[in-house]
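Q: We have chain V; now place chains A and G onto it with these hints.
Protein chains in written order, with this note's numbering: chain V, 716 to 1013; chain A, 57 to 478; chain G, 64 to 373.
What the hints contain is simulated information worked out from the structure, not anything from laboratory work. It cannot be assumed that every hint is accurate.
What the hints assert, rightly or not - Heads up, incomplete: computed chain V residues facing chain G, CB under 7 Å, no partners named:
#1 His811
#2 Val813
#3 Leu817
#4 Leu823
#5 Met824
#6 Ala826
#7 Asp827
#8 Val973
#9 Leu976
#10 Thr980
#11 Phe987
#12 Ile991
#13 Met992
#14 Val995
#15 Pro998
The beta-carbon is built from N, C-alpha and C at its ideal position, and this holds for glycine as well.
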Amino acid sequence: MNFASVAIEVLSALTAAANLFIIAAGLSLVFGALRIINLAHGSFYMIGALLMASLFALGRPEILFWPALVLAPLLMAGFGAILERLLFRRIYHAEHLVQLLLSYALSLMLADLALRIWGADTRSVPTPAALAGVLVVGGASFPLYNLFVITLSLAVGLGLWVLLRHTRFGWEIRAAVEDAEGLSLCGRNVPALFTAVFALGAFLAALGGAAVAPLQAIGPGMDSAILVSAFIVAVIGGLGSIAGAALGAAIIGFFQAVGTLWLPTWAPAFIFLAMIMVLVIRPSGLLGAAQRAWAEED
Amino acid sequence: MARNSKAERREGRAGRIRSLFGAAGLATTLVLAGSLSARAGEVTVGQSTSLSGSIAQLGITGQRGITMALDKINAEGGLLGQKVRLVVADDGMTPANGTTNVRQMILSDHIKALFGPVSSAVGAAEETLAAQYRIPYFLFTSNDVRMTTQVFTPYAFQVVPNTVMEPRAVARYLAELVGKKPITLAIITPNYSFGRDSADSFVAALRAYGVDVKVLTQQFPKLGETDYTPYIPPLVAAHADYVFVGQYGGDLITFTKQALGFGLFKVSTVVGQYGRQVLTALAGQVPAGTIAFDRAPYWAMEGEGVKRFTEAYHTRYHEWPSAWAILGYTAVETWAAGVKKAGDFDGDKLVAALSGTTVETIRGPITLRACDHQGNVAEYVGRVSREVDPRYGQQIYTDVKAIPGEETMLTCEEAQKLQPRH
Amino acid sequence: MTQRAYGGGISMVGVGIAALLLVAAPWVVPTSWLLVLENVLVLALFATATNLLVGWTGLVSFGQAAFYGIGAYTVALAWLHGIAPFSLAFVAAPLIAGLIALFTGAIALRARKLYFALLTLAFSELFYVLAEQLYDITNGANGIFGAMVPALLISPRIGFYFTLAVVMVALLLLYRIGHSPFGLALQAIRERRVRAEALGLAVSHHELAAFTLSGAFCGLAGALYVVHDQTAYPELLNWVKSGEPVIVAVIGGISSFAGPLWGALFYQIAHDALVALTRDWQMALGALLLLVVLFRPGGLVSLLGGREER
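The following block holds chain V by itself, in its conformation from the complex (with noise of 0.2 Å):
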């Protein structure tokens, strides 16, 4: 084994973590802030995948690669603020039993959606062109698109560092989840503060769907490929943690990309019975806020 193989495989997991890390910071924001566990995360990222397909599909491809990429998962926040109002609302207070139905009930509702609309057909979206190309490392060549994805995907972590420590919104929020009725007593509307928490985790599964269109083929069955996937992140990082879903990304990224070569029936395995072993040591995660999950008890 030499430099040159060793270093694909630390980019081929690394192109696997980064977009496991978009989707569940997603999940575990929602969580965070919300308290809600959302079942039909998958369905999002599918959701923005084929949205990219079908802005692609307007013109040249070539021209539409970057604002695709934005408008996608801005179209599935509209819907994801949408959904909020009318359904999650009523849930925050539930017990997970029924948040986790809801949430099950509404992905097999959008997964027959995407099916009416979209229909069966695998898509597929193409490169662009200027990421098309390759990078060489000791003779052996690496997509440049991978790089990007693995690039997107730090900016999404540095957007969302800046955007919960550093802005106004971040601290409503941070503060909503310490304390929702004094933070309302205050005048601040934790409403429309909840939507837009829930419009951007949805914005985020999306993104993570439109970055992969180009690496994927595109059609049903993506949500559920993704949904458990996008869990054991969260879950081993901690969920309601940003920085979890990363070490969590990261830590199953490297499993999937160099696990399944060296031991390929037991990989996969090794995935749950880490999350198992999570669960039951620390059971708020990683690096997620332990209280948190103590607070959970009766």
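A: Showing chains A and G alone in chain V's frame:
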């Protein structure tokens, strides 16, 4: 006290309501059962297949082929004077749903024939069930060779090249291409019996055709994998002359896009199932010269029948037919020919009439061998063209060869040795 | 108000009529509906066993399909590898499922509430990928199919009576468990966990016992599934399958013994009718579930005037 007695009254009332509810449930059940059963002057046939999920595209276009064939039969006055009605259901890719649907169709709709699903796991479960009720069963998308060998029942007919025939056909094409020159090979196939069987029989067939082949690496990602980036670098690093890809449908699209990024197509010639759907989705991105195979590529098939069907399909659905649509159409033709020959819809009579016989279809005559009911259908192998065909809006094949089924099928002795003893 | 024994919503009149209808069914309804009823019975047992955790003890598990699948695979693997005859495998199925539930539960119960649900989900997926990946033992994603059940049980009437008998006995046992001091203790844990602990109740032992029992009955349901369908495949163990009994219990009503039974009847018939009638059956099923969760959290039982117990 008062509270308790009220509760008791409610309990009593609730009990009565519940009993009523139960009776109403059973009554509804019976009415539903009645309304679904066949009407006079009409026979029913069924298909349970994957209409949702990742392989829905195969299920839906296959069903369109069936629908078009039945519409044609009905437009010409039906079969033996009876109109044919199709009942359909979604199996969601799980055998349990498939068998539940099929039971419903057999027992409530009284179907006279059953057309097969996409997934071989579902198909095998249904084959046992169809035989229990003596319903003829036509497999045209799922193509596991086990369905004509290990789980064979006389009621099943397969009109698609099976998992032995398809890789053998590709091996033959490749053998003619390379001649006596030794070659190296890398393999990637999905991790279930279809993938593993295809890979094994491809290598065995190459050797049988006298090719000196060395397998450098073999990868088994799971079916439905969305990230092939870990698997592709070892394939590239192997620098094999040829890479055999067992992925199909959406998996093949994903694999191709990611492999293009890693430059796999530059170091090796890829061999894969590039059919209508994959070539359309990839919109001209498949490198020219890639060795491609398909079970029924409309653009490469000869004969007036398939040409007429292709045009009619395009007019009706505004897209070109997938292999599954053509195969679905021929499956119905096969059944109809059997009914006409038997002069009856009865399962046993139809099986007797079809076994060992030759039927005319849009893709030409198909002979259904008596020993395993496998049709001698051809597999098409060619090389992907450089340009997108202006008429079809996708890349097509050059140097295409139709490899006849007779040349790739198991011998009857081989097949019968694997069959359960009845 | 005193603690009522869990398992309200059962009236003797109702049970009598239901039993009579079911015993008469093979001579009254067409064979096809007999098979639907068989599905209903298996699902009813699966959902009631799951509700032993969800509704009785207040432990929301999204991993009961693991034990259902283990029950099914016990019968299928015994046949595939010629380890044991059907009768032995069938009896072993709930025992093996229960034993594995004991070990799994010992780990899963270290977490609480949502984290318990996620842990059980992870276990379900773990067993699912094992069933899929251990190709040489389980046939992998292909699953196992074939004549793994005695020919006698394949006849619709005998198969139905066999399933009916097993499910009835199992439900009776579950009902007795619900009404035993142990069942009352479980309810106390659901209502006030901390207080139950303070009163000296061995809460964690009770929870583990409930988890083990639930696993064993889920395994029995899985073994019955094989009798019905003669196949076992990995998706029987995944989290989507695990969600099914929970959905059924919620639709029927988790706070009464009869809830999951009504849920199973309604869910199976609605599912089969929707699949047959429309391609958009997932949409319809999702909408139905959504409406129940939002507007009828008490489930169908509450529609029927049954009492909610909280």
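Q: Hints first: check each against the structure and report whether it holds.
A: These are the hints, each one checked on the structure:
Evaluation of the His811/V hint against chain G yields a held restraint, the C-beta minimum of about 5 Å falling below 7 Å. The interface hint given for Val813/V is met, as the beta carbon of that residue sits about 6 Å from the closest beta carbon of chain G, less than 7 Å. Using the Cβ-Cβ criterion of 7 Å, the hint placing Leu817/V at the interface with chain G is satisfied: the shortest such distance is roughly 5 Å. Interface hint at Leu823/V: satisfied, since its Cβ lies 3 Å from the closest Cβ of chain G, which is below the 7 Å cut-off.
With a cut of 7 Å, the hint placing Met824/V at the interface with chain G holds, because the nearest CB-to-CB distance is about 4 Å. Taking 7 Å as the C-beta contact cut-off toward chain G, the hint placing Ala826/V at the interface holds, the least distance being around 6 Å. Taken as an interface hint, Asp827/V checks out: its beta carbon lies about 4 Å from the nearest beta carbon of chain G, inside 7 Å. Interface restraint check: Val973/V against chain G, minimum CB-CB distance 17 Å, threshold 7 Å, status violated.
At a threshold of 7 Å, the smallest CB-CB gap from Leu976/V to chain G is about 15 Å, leaving the interface hint violated. Evaluation of the Thr980/V hint against chain G yields a held restraint, the C-beta minimum of about 5 Å falling below 7 Å. The restraint placing Phe987/V at the interface with chain G holds, with a minimum CB-CB distance near 4 Å, inside the 7 Å limit. Among the interface hints, the one on Ile991/V holds; its C-beta lies about 5 Å from the nearest C-beta in chain G, closer than the 7 Å criterion.
Using the Cβ-Cβ criterion of 7 Å, the hint placing Met992/V at the interface with chain G is not satisfied: the shortest such distance is roughly 9 Å. About 5 Å separates the beta-carbon of Val995/V from the nearest beta-carbon of chain G, less than 7 Å, and the hint is met. Hint status for Pro998/V: holds, given a least beta-carbon distance of 4 Å to chain G, under 7 Å.
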